[in-house]
Amino acid sequence: MDERENGFIQKHDLLGCIQCGRCTGGCPVTARSGLNVRGILRGALDEDLLQSLAGLPEIWDCTACGNCSLRCPKGLKPLDVLVALRSILVEGGVIQPSVRDALESIFREGNPWDKPRAARFDWRRDLDLKVVGPGEAVHCLVFVCCTVAYDPRLQGIAGNLGRLLNYAGVHYGFMEEGETCCASEAYCLGEEGLFEMMVEDNSELLNSYSASRIITISPHCYSAFKNQYPQLRAEILHYTELLAELLREGKMELNRELKERIVYHDPCFLGKQNGVFNDPRFILQQLPGAELVEFERTRERSLCCEGGGGKMWVESESRGERLAAVRVREAKMLGAGVLAAACPFCLLTLEDAVKAEGWEDEIKVAEILEIAGGLIQE
Amino acid sequence: MDIFVCIKRVPDTSEAEVSVDESGKEVDSSRFSFDINEADNYAVEEALLLKERLGGTVQVVCVDCGDVETIIRMALAKGADGAIQVNDGRVNVKDPLVIARVLAAVIGQHQFDLVLTGCMAGDDGYMTVGAALAEELTLPCATMVKNVEPQGGRLSVCRELEGGLLEEVDIALPAVLTIQTGINEPRYASIRGVRQAQKKEIKVLKIEDLEIAEEEAAGGRSSVEMQELYVPEVASRAELIEGEPAQKAEVLAGKLVKGGLL
Ligand code: SF4
Ligand code: SF4
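In the order they appear, the protein sequences are chains A and B. Positions 252 to 629 (the numbering used here) are the ones given, in order, by the first sequence. Positions 456 to 717 (the numbering used here) are the ones given, in order, by the second sequence.
Same shape as in the complex, but just chain A (with noise of 0.2 angstroms):
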C-alpha cells in the first residue's frame, strides 16, 4: 500500500464518524447513482479495503457540491474522502483518458480545455477594457476563468463584467500576463501534487499585482481563492458581490426593462459553499420589470446541477436522469423564461439540458453578467 495511505483514518477523523445518513441523506447524486458515501466512510475504516474502494465508479459521480460536509454534525468532510480515493487512482496514472487530459493539460497549458496558454487573452482582443501588469496599484484585479476565457460561448460574460466596472467607474484591471487555471478542478478531480504546485505558482503571482480586491467570474475560483489559498493578501470576492454593492452605493444603475420572469440557479460553489445568497438575488431583483422567483428546492437546499467536482471531464456509468434536466423541468413549471446562474458551469450544463428537451424557445439560461451588461444605457 502506498505510505501516503497510512494514517487515512486519523486524517479524516473517520473514528468521529456516527454512521447518521445526513451526508447521504443531502447527497444530490443519490437520486441518479449508486455512490453512497456514509457507506464509504464506514468502508474507509479498514485501511486495506481503500484501493477497492477507489475502484469503485461511483465515486466519480460525486460533484463536490459539499452538502455532505456541510450537514455531518459531527464535523467531518466526506467530500475530503472521495476527492482522496480519487487520488489513490491518479498517482497509479490509471484514471478515465477524459481525466488524464484535462490535468495533463492543466499542468501544460493551465487549463483543463487542452487550449494553448498563448491564446488566454484572445478573447479580449479588440475589447475596450483596461489591464494592469505586476506592482501597478488597482483597487480590483479580475481573475477570468480559463472556462470562460476559452469558451466562445461563454467569453462575453468576461467582456460583459468589463463594460459594466467602464460604466460604474471602477478602478479595475484584467491581468496582463501570467493568468492560469486555479486549479480546483484539479483538486476535486484527485491530483493534489497538480493543485499544491498550482497554489503555489498562483499566490506568487496574484501576489505580485497590487491589488486590494481579487473579483473573480467563477464560484470555483472564488471558493478556491477563499478557502485553498492561505497566502493571498488581497480581499477575494465574487463578481456578484461587487456588482450588488455598485447597485447598493448608486455607482451603478440597470436601466433597461426586462420584462421577464427570472429564477435563480444557486452555484453549489457560492451558495452552500461560500454562503453568497442574497447578492445574486439582489442584482436581479433591480432589474426594472423583472420578477424574481424561486425554486421550492433553494439557498442551501439548491438543487446541485452537476457541473463541479470535475465533472465536466467524467464520463459517469450512471444513466438516471440528470440533475440539469431535473432543475430545467422545475424552472418551466414555475413559468420562468429566464434561468439565471452565476456560475460558467451551471451556464453550460443547464444550458444543454434545456436543448436536450428542446425548450430553447421557452427558457433561456443566462448568466447574471449577460443579462446585467444588456441593460446598461452607456
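Quick caveat, the hints were computed from the structure, so don't treat them as lab data. Glycine included, C-beta positions come from ideal geometry on N, C-alpha and C. Any given hint might turn out to be false.
Said to hold, decoys possible - Which residues of chain A face chain B? A partial, calculated answer using Cβ under 8 angstroms: (1) Pro324; (2) Arg368; (3) Ala369.
Unchecked claim - Below 20 angstroms or equal to it, Euclidean Cα-Cα: the simulated SDA-like pairs (lysine to any residue) are: (4) B:Lys601 <-> A:Pro348; (5) B:Lys654 <-> A:Gly344; (6) B:Lys549 <-> B:Ile662.
For chain A, the structure is supplied; the task is to place chain B with the ligands on it using the hints.
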C-alpha cells in the same frame, strides 16, 4: 525485456491556426503548445506494459535540444527507468534519416531486446524514423503495430494496413516496432510522480559521445531539404452538372473519358 522508446516533442496544432513564418520554410510556432508526440505516448505505454509483464527496463531516447525535460520526466514518472537526450544544436532534426542515424548511434551502444517508436510524428507526418532506424540497426521491423504478444523469444504483432486490413507478423528479437495510436490507453503521470522522477537520471549526449561523424549528424549526407512550405490554396473550381440523373451520368462519363480517367 530491455526496451528503448524513442520520443519526440511536437506542437499541438489541433486548436491553433497554422501559418508559415517569414522564412517560408517553417511553421510559425509562437502560439503553439508542445507535448509528446501522440503515437510516441502510446509507444511509451506499450513499453511499460511489456516491462510490467516480462520484467526488464525501459529507456527513453529523445533527439532534441529544446525544452523536452517535461515530456521526458513524465515518461520517467510513469515508470521508465532512465532517459537519454541528445542535446546538440548541430543535429539536423529536420531530416528523418539523420534522426534515425543518431538514434541508432545512441541505442547501438547498449544491449536491448526491443525498440519502439511512434508510427508517425504529429508535425511532419513523415512516418520514416522507425523504419529507417531498423535499417540503421539492421534489425527486423514491423510498422503500424496495433497489438504485441510476446511468444518465447519472439513477438507476435498485429499490424494495421491500408484498407482496414490487419496483418499478423511473427518477428524475431531484437526488433523495431512503430506503434499505432489506440494500441493501449496511456496512463497519467501525477505531479507528485513527476517530482519524484527528478531523482532518475537524464543522460545528456553530444555528437562526440556517439560513434557518428559530425558531418553525418549535421546532415552532410542529408537527402532531405525543405524548399518551401505553404498553406494549400482554397479555391472553388467545382463544376455542377445539372439535369436528370441519366443526363448527368452521361455528361459525367463523357468528362471522365475525356480526362483519361476511364
Ligand atoms: S453525516 Fe458525518 S457522522 Fe453522519 S454518517 Fe455522514 S460522515 Fe458520518
Ligand atoms: S460533495 Fe455532494 S455529491 Fe459529493 S458526496 Fe458530498 S453531497 Fe454527494
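Worksheet item: So which of those numbered hints doesn't the model satisfy?
Response: 1
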